[in-house]
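**Q** Keeping the supplied structure of chain A fixed, place chain B upon it in accordance with the hints.
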Amino acid sequence: MSNIKRAFENGKAFIPFVTCGDPDLATTAALVREMAAAGADLIELGIPFSDPTAEGPVIQAANLRALTGGATTDRIFNMVREVRKEVSIPLAFMTYANVVFSYGTDRFLKNAAEAGIDGLILPDVPFEEKADFAPVCRAHGIDCISLIAPTSQARVAMIAREAKGFIYCVSSLGVTGVRSRITTDVGAMARAIREANPHTPCAVGFGISTPAQAKEMAKIADGVIVGSAIVKLIAQHGADAIPYVSQYVRAMKSAILES
Amino acid sequence: MEGRKGRFGEYGGQYIPETLMNAVIELEQAYLRFRDDPAFQEELTTLFNEYAGRPSRLYDAKHLTRALGGAKIYLKREDLNHTGAHKINNVLGQALLAQKMGKTRLIAETGAGQHGVATATAAALMGMECVVYMGREDIERQALNVYRMRLLGAEVIPVDSGTATLKDAVSEAMRAWTARIDDTHYCLGSVMGPHPFPTIVRDFQAVISKEIKAQMLEKEGRLPDVVLACVGGGSNAIGAFYHFIGDASVRLIGCEAAGRGVDSFETAATLNVGRPGIFHGMKSYFCQDEFGQIAPVYSISAGLDYPGVGPEHAYLHETGRAEYVAVTDAEAVEAFEYLSRTEGIIPAIESAHAIAHAMKLAPQMEKEQILVVNLSGRGDKDCAAVARYRGEDIHE
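The listed protein sequences derive, respectively, from chains A and B. Using our numbering, you'd call the opening residue of the first sequence number 1 and step up by one each time. Using our numbering, you'd call the opening residue of the second sequence number 1 and step up by one each time.
Worth flagging that the hints you see were computed from the coordinates, not collected in a lab. Glycine included, every Cβ here is placed at the ideal spot set by N, Cα and C. Errors might be hidden in some of the hints.
Unchecked claim - Now the in silico label distances, taken between C-beta atoms and shown as ranges:
#: 1; chain 1: A; residue 1: Pro135; chain 2: B; residue 2: Glu218; range: 49 to 57 Å
#: 2; chain 1: B; residue 1: Met101; chain 2: A; residue 2: Glu162; range: 54 to 62 Å
#: 3; chain 1: B; residue 1: Pro158; chain 2: A; residue 2: Ala212; range: 31 to 39 Å
#: 4; chain 1: B; residue 1: Met101; chain 2: A; residue 2: Glu82; range: 46 to 54 Å
#: 5; chain 1: A; residue 1: Ala188; chain 2: B; residue 2: Lys5; range: 27 to 35 Å
#: 6; chain 1: B; residue 1: Glu155; chain 2: A; residue 2: Gln247; range: 53 to 61 Å
Chain A on its own, in the form it takes in the complex (with noise of 0.2 Å):
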C-alpha cells in the first residue's frame, strides 16, 4: 500500500501545507515536526519557485521570501532528509514542472524518494501531460498526485481512474487563498470521484481557512488541506509562527473529527 494513504487511516485526515525556506529551513524542519505532533496527518511542501502561476498573492509571497533566504531545491532535500529521522507521517512535495524537469525528472525523483518523501503534486500537470513525471515517480515508489477541478466535469472519471495515493479535489476556481465562501458543489464532485474510483481517498483544498469550514469539508471528503491560512501565520510571526502553527492545527484536526 502507498505510505500516501495511511494518512488517512486516523479518521478524516488534515493536510497542511508549508512553503520550504520561509522564512528559513531551519523553521520549516521545526514546523514540520510540531504539525505532525499537533495531529497533522500528511505535510504538503512546497518547493518555492519564481512565478507559481496557480497560487494567490498570500503563497506568492511565500514563495518569494524563501527564495530571498537562499532556499533551493538541493538544501531543500537535506531538510526533508534530517526532519525524517523524527517524523514519520507521509509527506509531499508541492511544486512546479520546471522544479522538477530542470533539475532532471529522474534525478530529482530519486533524491525525493532518498529522503523520504511520498507523493509529487504539479498544479502544473494536467493529466494529458503527466506521462512526462507519472512513471517515473512510479519507478522510485513516489505516488504522483492528481488535482480535480470544479471544471473537469467530464473528465472526473478519466483522472480520477488512473489517481494514485490521494485525489486533491480543488474547491474553487482560481488561484490557492482564503475564501469566505466556497460555492461550489464539492458534494457532486466528491460523489462523481468515488463514483470512479472508490479505492483511493479525496481530500479537499483551496480557499479553507476556517474549523467550520474544515468540519463542512470533511463531512463530504476524506481530508482537508490548508495552505494560506497557515502560511499567513508565517508570514506574520516569521520564526515565531511555530506554536501559532501548531494551536492552528490542533483546531483543524479537532474540528475535522467532529465531522
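**A** Chain B alone, transformed into the frame defined by chain A:
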C-alpha cells in the same frame, strides 16, 4: 511536425492547471471548426483588409540597400497595419473566434502595450469587455499605450508580482482566466502558452509570409534568400517564416534581444542563453538558473523582455531550420536611428533588432541576393525611451 498533440518535436504541450483544461479543449475544438469554415475565413479576411489595412506593403528599401552595399532589401511593412504592428492580425482572429464561441469578455497580457492596444481595439470593434494585465514597470515605461487602452474602453490592471514586466503579466492573466472562464477568452499575444495557442496565433500571423511570398514572386519572380524577424515570444517571426519553412533555399533568421549582451545577466536572448524547461503552459527554452527558477531578463524593448520563446521556435532552432542571433540594445538603437534617417521609417525598437542584423548581414551578401526584413511595428511608442537611452529627457 506536430506528432504528440500540440507538439513541435518535443516542445509545446499543455502544462496548465486542471481548472483550465476544458477551456483550452473547447478553444481547440472551436478553432478546428472555424479554421475550415469558409464563412469565418471570409469574415476574417474582410476584417484584415477593410479594418486593419491588409495586405501590408512589401517595400523595396532602395536607400537602405544602397547604403549597405550588399543584398537587395525589402521591408514587410507590418508597421502600417491599424494600431501600428503585426499584433492586430492575431487579435482580430482570436476576437472573432471568441465571439463565435459566445464569449463576451477578452483578457490579455501586454509588455510594451502593443498587444494590449490591439486587444482593446478589437474589443471596442466587436462590443466586448476588455481587461489588460500589464506589469507596473511597463505601465510606467509605456504611459501612452496605457492611455490608448483606456481610451478604447479597456481596464488596465497593474501587475506588481515578480519583476512587474511581461512575464508577470502573463502569469496574472493566466490566474485571472482560472478564476473566470465561462464568459472570458484569454487573448494570448504570442505563439506561446499552452496548446492550441502557439498554433492558433501562428496561423493568424502566417498571413505575413503568405503575402511576402506572393508579393516577392510578383516583384522578383523568385523567393527571397533570407527572411529576418525579431523574436520575443516569436509571433511576428513565425508569421514571417511559416510559408517559407518548406523552402530550403530561404534562410530564416530570428533576432533575439541580447540586452546588454549575452555574456551579461541583463539579456533576454532565450535561444542563445537559455535551456529547455516548462513554464507558462509550454515546454520550450527558458532563461533560468540551475534549479529551474525563471531568470529576470532585460531588454530595452519591453516587447522582447520575456524569459521564454514559443515552442515552434525551439523546434526550428533544434532542427537547424531557423537560426537565432542575438542583437544588443546598442545595436538596436543604432538601427532605430539608421532606418529613420535612410528610409524615413521609424521602426519599433523590437523590429529594430531585425534591422540591426540586416545591417550586419546585407553587406556580406551578393547584390543579386534578396533579404526581407519583417518590420513588425512602428516606433512612435519608443521615441521617448530611445531619447532617454541617448541621454535626452523628453516628455510625451
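**Q** Now tell me if each hint is right for this structure.
**A** We went through each hint and held it up to the structure:
Look at Pro135 (chain A) against Glu218 (chain B): about 53 Å separates their beta carbons, and that is inside 49 to 57 Å. The hint said 54 to 62 Å for the Cβ distance between Met101 (chain B) and Glu162 (chain A), and at roughly 30 Å that hint is violated. Our hint of 31 to 39 Å for Pro158 (chain B) and Ala212 (chain A) holds, since their Cβ atoms are close to 35 Å apart. At roughly 52 Å, the beta-carbon separation of Met101 (chain B) and Glu82 (chain A) lies within the given 46 to 54 Å, and the hint holds.
Distance hint check for Ala188 (chain A) and Lys5 (chain B): the Cβ-Cβ separation is about 29 Å, which falls inside the suggested range of 27 to 35 Å. A C-beta distance of roughly 42 Å is found between Glu155 (chain B) and Gln247 (chain A), which places it outside the suggested range of 53 to 61 Å.
Of the hints listed earlier, those the structure fails to meet are numbers 2 and 6, in rising order.
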